[in-house]
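From first to last, the protein sequence lines are chains P, Z and Y.
According to my numbering, the first sequence is numbered sequentially starting from 1.
According to my numbering, the second sequence is numbered sequentially starting from 1.
According to my numbering, the third sequence is numbered sequentially starting from 1.
Check each hint, because a few of them may be wrong.
Derived pair list, reagent style DSS-like, types lysine-lysine, alpha-carbon separation capped at 27 Å [unchecked claim]:
hint, chain 1, residue 1, chain 2, residue 2
1, Z, Lys351, Y, Lys351
2, P, Lys351, Y, Lys351
3, P, Lys351, Z, Lys351
No lab work stands behind these hints: they were computed from the structure.
Small disclaimer: the values here were computed from a predicted structure and weren't measured.
Okay, here's what each chain looks like letter by letter:
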Amino acid sequence: MRLEEIATRLDARLVGDGALEIERVVHPADAEGPADLVLATDRATLALIAGTPARALVVAEGAEPPADARVAAVVTVARPRVALATLTALFDRPARPDAGVHPTAAVADDAVLGDGVAVGPFVHIGAGAVVGAGCRIMAQVTIGAGAVLGRDGLIHAGARIGDRVRIGDRVIVQPNAVIGADGFSFVTPEPGSVETAKQTGRIEATNVAIRRINSIGTVVIGDDVEIGANSAIDRGTVTATRIGDGTKIDNLVQIGHNVRVGRNCMICGNVGIAGSAEIGDRVVLAGGVGVADHVSVGDDAVVAAGSGVGSNVPARAVYAGYPAVPRDRALAQLLLMRRLQGLVDDIGRLKAWIASSGTPPPA
Amino acid sequence: MRLEEIATRLDARLVGDGALEIERVVHPADAEGPADLVLATDRATLALIAGTPARALVVAEGAEPPADARVAAVVTVARPRVALATLTALFDRPARPDAGVHPTAAVADDAVLGDGVAVGPFVHIGAGAVVGAGCRIMAQVTIGAGAVLGRDGLIHAGARIGDRVRIGDRVIVQPNAVIGADGFSFVTPEPGSVETAKQTGRIEATNVAIRRINSIGTVVIGDDVEIGANSAIDRGTVTATRIGDGTKIDNLVQIGHNVRVGRNCMICGNVGIAGSAEIGDRVVLAGGVGVADHVSVGDDAVVAAGSGVGSNVPARAVYAGYPAVPRDRALAQLLLMRRLQGLVDDIGRLKAWIASSGTPPPA
Amino acid sequence: MRLEEIATRLDARLVGDGALEIERVVHPADAEGPADLVLATDRATLALIAGTPARALVVAEGAEPPADARVAAVVTVARPRVALATLTALFDRPARPDAGVHPTAAVADDAVLGDGVAVGPFVHIGAGAVVGAGCRIMAQVTIGAGAVLGRDGLIHAGARIGDRVRIGDRVIVQPNAVIGADGFSFVTPEPGSVETAKQTGRIEATNVAIRRINSIGTVVIGDDVEIGANSAIDRGTVTATRIGDGTKIDNLVQIGHNVRVGRNCMICGNVGIAGSAEIGDRVVLAGGVGVADHVSVGDDAVVAAGSGVGSNVPARAVYAGYPAVPRDRALAQLLLMRRLQGLVDDIGRLKAWIASSGTPPPA
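Only chain P is shown next, with the shape it has when bound in the complex:
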């Protein structure tokens, strides 16, 4: 693609040779020549340009391209990460099975595949499943009986879509993700250790018997959702676990039974959301956050990495800490912690002063 066309797509200013034919978008360390469009949108990458064979650069507004005679063209963008979204769409090399159904795939007679569906090797599609037009089902995927997938999905290798799970349009499921495993739901016939600990602070009963609560519900996933590698979304007990349109879920995320996640949320890696929690719209849970069962997190809330949400978080709040509290409070506590030694010293001096004042010290 010609550089001038790329600049147009980026809605960016181009100075220099717009006729360069670009074949790759690369990091400065990988630059090989004039067919490479080199990303130098921050100070660190900009500093790497000198000495490379980079000819065409993308830089951020306000940045000076280095005084390097070899640079033939500079594209200046306002928001580099937005430009990156456009560039990586232009130069994407998506996973793609061969067209049609691979001869090794096992597709149930009554499964329905839409137009243009590609099914890779060793895929199993169960009885009555429906796969929407344009879906790409990579190798080794299993799609359970009665599952329904919308249009233009991309289900990567080894992903497991359980029976009766419903998935919207343009959903991406990364490798080995599991959608529709059974919820972790058990009960002791008599009140057990956790119930008594919650009531009295002590263990007054033991879990001698455990009964399983089956998960007869399902999982319903909206449009434009992405689910990361090795993540798991359990089915609901009697109703559905729900993930709203546009929500993005990173790798190794656990979402328990009956959870409802709203639209356009960002759920980062290693997050765990326990059963029946409610996550609003546009919520951001940073890496490693834990959310307790039955808790709700309001719309547009942001929870910092590693926090433990044990009680409800209001809309538009920024929370941090374990247990999570408003971030200002969490930061204030951290600063107070750092003053503890000073407090100890102050109190020691006060006691010494009192002792030296001739009055008997406090008992």
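Based on these hints, arrange chains Z and Y on the given structure of chain P.
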């Protein structure tokens, strides 16, 4: 099933039309008509009943069904979650491959399959493996050479059972779980960075060379165990990693080599148990708990979510925090933390008072 | 193998019958007779020897074998874990598919398999992939188009190697690990909630629109690397996510896009490393550690379990806590926390003393 029969199975009081034929158990939001038995066992779901076509309800003891003319029958239960166990068993829709061995499956000639074993597509069962009667092996599962499974197990899609692993009766393994990967066990020929840091607090050696300790042991899993999606249980170094009868393990749980977990434990999502830890019977580890290597947790102990167990936990103790301490102490510390600003203020006032008292302040 | 040969391999002192023919290396609880070499290298296992049929022992230097007449030979080793590396190599029972390519495997016509490559059932190897000599590819593995594997690798069941991923020699990938999923990389066209929260502490914009940044980079993994079960290593955005030679990664570890991990690192279970972080050489991240995006951890640093690394860690530092700080400081803070109640009491007494001194107390 007739409602009166369901009430009998629940050992519950039935008021109203016991002749209703029930086809589904549902959340109020999903209620469609008289064939739905609607769960309204807490205040929130009870409040949803009005305006729905719900005809048959399950409510908790003491709750008043809403004054809604359409309700034709009410079943009152003492412990709603216990009732849920019974109801979800009655209306379960379990995963089930077709009877027999799917033609695409690759089963070693000398593997032994018990009566009624169902094997799904693309399953691989290795040399000498034994699969007990009634087991359901879903698509894409691998069962290693010499592995032994008891009766009536359910191994979901993509689960990996390693060579020589032994599994009891009625065990459920959720999709993509891995049982019998190698332990994470390495050694530096000379004492390395961690050893010196533990001894002196400083890094006095570096891990220039790393040698692997192979895992020649196995994993032994008892009866009635459940293992969650994308969880991993590593094999022991020379002996077995062991999971006791009745223990339930949630999704994305890591259990290291040589760990012993007792009977009837509940290990919630995202827990990590490091090598050679010993977990007693009926222990509850809430979500995200980490347990250090070689640590022991006593029978009936409960560890709160997100806690880090770095030293032994006594039997019947309730622990919380990072590092985990008795929960009462953890709560007291949290409350003290909240008083820190007050302490700072108090000390400031004391100093001001001393300064104003005409005596020289403490140095 | 004769015991005297084993002792030679261990470079260890042998007292007793070196002619014993050893078939297994076992834990005392598993000892059955003279063909078992019984590990009793710590006090706990040594105490278990009495009463067992153990005939041949491995003990640590300085330990007295129990006065048990049945012991016929004792091997004394200087560093038991180093001895264990040798012993488990001698008695390893490695996973091994049958020689050659299993008839059910689907290997692209233009994929290149080196000498002696073994490919298990239902493996898919994509177009143009190269698998080095001596590799063992277990059942159900997928190797993407254009991926390159070095010599003598062992790729366990269900592992997913993405398109164009490059892997060095002697690499072990445990079951269901995912290498080369897409990075979790999104951008809002206008500054979103997290950006405004970072700048102002408040949510002043919401993530109404989310654009995807595709991952057009790859993953490059060095020689002698091991990657644990259900772990995930995402591909880079435009360049490669890199794992250096000799680095060992445990189960359920998440490594984000563009991360660079150096050589000989030990990354323990449940660790999460966010995008673009840089981990030096010989770094140890203990279980459950989280590393924020764009942070760097210096060579030979050790980070304690459960810590959250939010800012750069210097080389050879030992860090702990959430947020992680130098371990000495973290320990000091923990000790100060335990003195808080004492501080509260002291201040109370000081106030009482002032009140009783006849002077008006501070306001």
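Starting from lysine 351/Z, check that the Cα of lysine 351/Y is at most 27 Å away, please. holds (11 Å)
Compare the distance between the alpha carbons of lysine 351/P and lysine 351/Y with 27 Å, and conclude whether the hinted pair is satisfied. holds (11 Å)
Please verify whether lysine 351/P and lysine 351/Z have alpha carbons no more than 27 Å apart. The given pair, whose Cα atoms are some 11 Å apart, holds under the 27 Å limit.
In the structure shown, no violation is registered for any of the earlier numbered hints.
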